[in-house]
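Based on the provided sequences and hints, a complete structural model is requested.
Protein chains in written order, with our numbering: chain A, 333 to 551; chain B, 11 to 496.
Worth flagging that the hints you see were computed from the coordinates, not collected in a lab.
We treat Cβ as the ideally placed atom computed from N, Cα and C, and that holds for glycine.
Certain hints may be false.
To be verified - Chain A stretches covered by chain B per the calculated footprint, using a threshold of three residues with CB under 8 Å from any CB of chain B:
#1 360–374
#2 408–421
#3 448–460
#4 531–537
Claimed, not checked - Ranges of calculated distance between the beta carbons of each label pair, as one might list FRET restraints:
#5 Phe-70(B) with Phe-531(A): 38 to 44 Å
#6 Thr-431(A) with Arg-310(B): 44 to 50 Å
#7 Ile-437(A) with Val-106(B): 50 to 56 Å
#8 Arg-416(A) with Arg-67(B): 35 to 41 Å
#9 Ile-350(A) with Ala-430(B): 48 to 54 Å
#10 Glu-424(A) with Leu-306(B): 35 to 41 Å
#11 Pro-430(A) with Ala-437(B): 47 to 53 Å
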Amino acid sequence: MSHWIVQSLNLFASLMLILAFAMLSQRRILSLIHLFTLQGLTVVCATATVAYATGRHELYFSAALTFTLKVLLIPYLLHRLIQRLKVQWDVETLINIPTLMLIGIVLVVIAFNLAAPVAQLSASIARGTLGIALACVLLSFMMMITRSKAVPQVIGFLAMENALFFAATSATYGMPMMVELGIALDVLVGMLILGVFLFQIREQFDSLDIHHLERLKED
Amino acid sequence: MNALPLPLLLGMPLAGGFILAAIGHRPRAPEWNAAFSLGTLLAAAWLTVQIVESGPRTVFAQQFFIDPLNVFLVALTAFVAFTTALFSRAYMRVEVGHGRMTAARMRLYHSMYQFFCFTMLLALTTNNLGILWVAMEAATLTTVLLVSVYRTPASLEAAWKYFILCGVGIAQALFGTILLYLAADRAIGAGGDALLWTHLAAAKHMLQPTIISLAFVFLLLGYGTKVGLVPLHNWLPDAHAEGPTPISAVLSGLLLNVALYAVLRCKVLADGALGPGYAGGLLIGFGLLSVVVAALLLSRQKDVKRMFAYSSIEHMGMMTFAFGLGGPVATFAGLLHMTAHSLVKSAIFFAAGHGAQKTGGQLMEDIRGLMTVSPTVGWGLLLGSLAILGMPPFGIFASEFLILTTAMHELPWTAPVLLAALGVAFAAVLRRVLPMVFGATSARRLAHAPALLPVFVHLGLGFMLGLYIPPYLEQWYGQAARMIGG
Chain A
333 MSHWIVQSLN
343 LFASLMLILA
353 FAMLSQRRIL
363 SLIHLFTLQG
373 LTVVCATATV
383 AYATGRHELY
393 FSAALTFTLK
403 VLLIPYLLHR
413 LIQRLKVQWD
423 VETLINIPTL
433 MLIGIVLVVI
443 AFNLAAPVAQ
453 LSASIARGTL
463 GIALACVLLS
473 FMMMITRSKA
483 VPQVIGFLAM
493 ENALFFAATS
503 ATYGMPMMVE
513 LGIALDVLVG
523 MLILGVFLFQ
533 IREQFDSLDI
543 HHLERLKED
Chain B
11 MNALPLPLLL
21 GMPLAGGFIL
31 AAIGHRPRAP
41 EWNAAFSLGT
51 LLAAAWLTVQ
61 IVESGPRTVF
71 AQQFFIDPLN
81 VFLVALTAFV
91 AFTTALFSRA
101 YMRVEVGHGR
111 MTAARMRLYH
121 SMYQFFCFTM
131 LLALTTNNLG
141 ILWVAMEAAT
151 LTTVLLVSVY
161 RTPASLEAAW
171 KYFILCGVGI
181 AQALFGTILL
191 YLAADRAIGA
201 GGDALLWTHL
211 AAAKHMLQPT
221 IISLAFVFLL
231 LGYGTKVGLV
241 PLHNWLPDAH
251 AEGPTPISAV
261 LSGLLLNVAL
271 YAVLRCKVLA
281 DGALGPGYAG
291 GLLIGFGLLS
301 VVVAALLLSR
311 QKDVKRMFAY
321 SSIEHMGMMT
331 FAFGLGGPVA
341 TFAGLLHMTA
351 HSLVKSAIFF
361 AAGHGAQKTG
371 GQLMEDIRGL
381 MTVSPTVGWG
391 LLLGSLAILG
401 MPPFGIFASE
411 FLILTTAMHE
421 LPWTAPVLLA
431 ALGVAFAAVL
441 RRVLPMVFGA
451 TSARRLAHAP
461 ALLPVFVHLG
471 LGFMLGLYIP
481 PYLEQWYGQA
491 ARMIGG
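The following block contains the structure:
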């Protein structure tokens, strides 16, 4: 029984990692949003599994919160956003995807090494996945750095938030409820502000290319 | 003893934010904004009196914790927020006159100003490290639309950088908080109380060292981004230069302090779990790097607000260095530096903002002869610059003197580095400020003197701190210094 649960948690964790790599190399904005939704769904499944295994009811609530926010509301907002900005068929030119992947692998190794001593000290049944969670955080971080368009950067930011939720679940069975609610509120407000912001950028530059935003230099 | 001041302190700006969201575009809105800030200041004063009389305490099922350290920052935050609201009253009316602000933008500005004050006060007073994170993130969110409020290409770029870099940074702090919760889980058990700072501080010697050492690195990277520590400082000069001047003043004078406060709270825990040295060493390293890099970059600036933004990085580095040294004297100096820097730097932004408004641009080569155009602005900028460069008898001289003498004692090789950096900063800033103040100008003298009362009140207080620290303030610093400096 518990063996089966640990196996399924490991499965979800590897799904997270695969999705993080997929997002890193995905060039189409619409597909990125689909991948992001899938990632949210994986976090929900992992949280629900941990909730079932440990009998902690507040985790079901946390899973429901993540589901509403990360699987329904934010993807819906993103879809509407790219429709209204008319960028849903945009394809980004990413340079050198194989190199990106290789750097990604190095990041995963670093993350595993960092997390290994900490994970051993955790009492959680999902402690083995802490390294993967940290790797996903770093991969989303890298995705944000390598993108030149505004919307993929935003998705990278949200994916990082997903990975952090996954880290919280795997290390400590989630954060206290009040904190989780606060984080959810921040993410939602942040998403809305970014939406407003993207329209402002578009109005000003007629484009969502971040290359226009590189005039303030260090001098 | 009653628990009234705290809800008043947090409720005032929160209510102000909602009310000004409805009426923030009316002609009288700037007065309402100042009135809400005055209410917050009065509540802060009441709270301060209570804490000074009766010592640290927790309120509302321990969710809030007030001690000498944060009550001093609460008082400073409420005070500078109030004077900035007074300054913004006149300043923003001129901006409306210039057509840079519309009614809708004024409504956004006033509402977000109050929400921003709320998030800072929440971050300062909460006992829950998770809520501290939430409030810090919310502080970014409330100011991001203020930085881009003029909708110019440069301001949009600045706000985007601010949002993305601080968002990424603060995400690292969330990971650090998760690790801290993991350590707490092992030491004091899970549950809603495990992230309460008072509980963690009581059990700090039992926290698992391996977890805490990793957690502190992430927390420092996260909150350090908001402090503006080099090399995480990239957002700071842009956000300060492109936003409206009152926002530059509160970002520089208050938000950076609040972020440093978050680092200090985490440092106390790390010191308990790992012994002194680990966290202190990291702070010394980041602090020294920030002072040196910012001092070198100062001379290359062309925009007046950008230059003083780099000066903020330098001073935040100085404080970080002081807190890293630890011990009662250096920590005392760090707190004094924090107070004096907040007061003087916001005064400089007020004066520089007025100067730029009069001449129509922020480029320093275009700003000339402020003394002729308007003596109050000229004197404000000149005295402010001398104060921020650490000239006696201003407060920053006293704190920098204390920091340097402690550094010579504890870590001798850092003292010459710091002195050299301060010298470079002195030359760089004065070379730019003198022509702005005394240079020849063809502009006519202003018909009426601008209302710069806040500038001179701030400078006066900064002056006083250099000569005489009132006993209650000294006692208050002393208590706070013992708590974080060990």
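Each hint tested on the structure:
| no. | hint | verdict |
| --- | --- | --- |
| 1 | 360–374 | violated (count 0) |
| 2 | 408–421 | violated (count 0) |
| 3 | 448–460 | holds (count 5) |
| 4 | 531–537 | holds (count 5) |
| 5 | Phe-70(B) with Phe-531(A): 38 to 44 Å | holds (40 Å) |
| 6 | Thr-431(A) with Arg-310(B): 44 to 50 Å | violated (33 Å) |
| 7 | Ile-437(A) with Val-106(B): 50 to 56 Å | holds (55 Å) |
| 8 | Arg-416(A) with Arg-67(B): 35 to 41 Å | violated (51 Å) |
| 9 | Ile-350(A) with Ala-430(B): 48 to 54 Å | holds (52 Å) |
| 10 | Glu-424(A) with Leu-306(B): 35 to 41 Å | holds (36 Å) |
| 11 | Pro-430(A) with Ala-437(B): 47 to 53 Å | holds (50 Å) |
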